[in-house]
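Undergrad: Generate coordinates for the entire structure from the input sequences, incorporating the hints supplied.
Quick note: the sequence shown, position 310, residue 320 per our numbering, numbers continuous.
Derived from the structure by calculation, the hints contain no laboratory data.
What follows is a list of derived Cβ distance ranges for each label pair: (1) Cys-320 to Arg-70: 44 to 52 Å; (2) Arg-19 to Asp-205: 45 to 53 Å; (3) Pro-196 to Gly-332: 27 to 35 Å; (4) Ala-421 to Leu-16: 50 to 58 Å; (5) Ala-66 to Pro-330: 50 to 58 Å; (6) Glu-275 to Gly-254: 18 to 26 Å; (7) Pro-184 to Asp-96: 45 to 53 Å; (8) Pro-184 to Ala-18: 35 to 43 Å.
Once the Cα atoms are required to be at most 20 Å apart in a straight line, the calculated PhoX-like pairs of lysine-lysine come out as: (9) Lys-339 to Lys-268; (10) Lys-318 to Lys-268; (11) Lys-282 to Lys-318; (12) Lys-193 to Lys-377.
Positions of the beta carbon are idealized from the N, C-alpha and C atoms, including for glycine.
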Amino acid sequence: MNLHSLLARRAAADQPLRIGLIGAGKFGAMFLSQAGRTPGFHVAAIADLSPERARASLQRIGWPEEQAGAGTIDAALAQGTTWITDDVEALFGTDAIEVVIDATGHPAAGIRHARLAFAHGKHIVMVNVEADALAGPLLAAEAERAGVVYSLAYGDQPALICEMVDWARTCGLPVVAAGKGTKYLPSYHSLTPDDVWERYGISPEDAARGGMNPQMFNSFMDGTKSAIEMASVANATGLTPAPGGLEFPPVGADDLAKVLRPAAEGGCLAHKGQVEVVSSLARDGGAIDRDLRWGVYIVFEAPSDYVKHCFSEYGLASDPEGRYAAMYKPYHLIGLELGISVAYAGLLGQPTGAPRGWNGDVVATAKRDLKAGETLDGEGGYTVWGKLMPAADSLARGCLPLGLAQGITLARPVAEGAALCWDDVVVDANDPSVACRRDMERHFAARGTQAAE
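TA: So, in structure tokens, the structure goes:
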């Protein structure tokens, strides 16, 4: 990739890649812990709703205090320090910042920040996969028209999966399935923030020490984050969800190629070219040997008998017939790896994954019987979880995207397990996020939901 040598040249020329970070939570803090150690990077500005919280994050990761003392963006640029502000628009007001990172996790904020980046000619790395699942296909098209990069975030699982899919296709290997691992049982769809730490496997004290938000982390447990991330992968790669959404088959690394093959051949897939999440737990709650809870994988097919023999000769774990094989990465390091996306965007003008069509959508689904007049509380909360659905089906049924299911009121009751629709809620059509999503729906309704090639 030569990214390190390219960054070293920028550093030697005293022209570092200048970066603005929005959101200094867990992901942002992990990026910052490494950004200061990366030659050729200069985090010139951090925007957070609470500058005090941002400073606390910097202190927790060991960021030098003298590096966070700039009183203005101009001073930070001149001194090589970091400006901290709650005025996100000011971050876009200087031409010097080349790459902006949105690490807010808030869909509406992500849409707004992406469009600010486009208007100001800046690349954006969208850690905010919630915004990408809600409106990424439209935002990516707007970025292309603006001549800037819109990128998924390396270190987060979707970009890592996109990299593996690209590797296989570049090698001429048809991709049969791709996805990630997680800890899952069917009962988890009803989990709330009150349950999360016990199920996640961490104490509340350790969670607080790590700055972990219970509602956000509950979205990892109740299936929502898996749906969001697989929607992003589907939209970036052209792979598609199964008609019924994610099945979460329990399978370890050694059996990926055996289980993640078409059902007609003894596997569990509805079709070839499917996104799927595998569970680290058997359905009885027992542990799966060599599970991929923290990892990513692809399953690919031998296009000829010769390649099939090569799979065997080089020791790939395959299905019993040797036709399908798998590759996997057992871990992902989220913000610690984010600099790869920043460097790709800022140095090469390329994304580490970006939507090229609308294949997957995440639909708000009732966690319990919901009553008219209740207010939805969004991802990881007490009222809804996100279910993956083929985008064409979501569009045809008028389903409510999970990214808009927060702070809005139910107009009528919805039964537990049912997908919510636009007609079930009271929506402000003038809300920018609603308008953006509606624009995307109209765009793809006119063209047909589109698979990337």
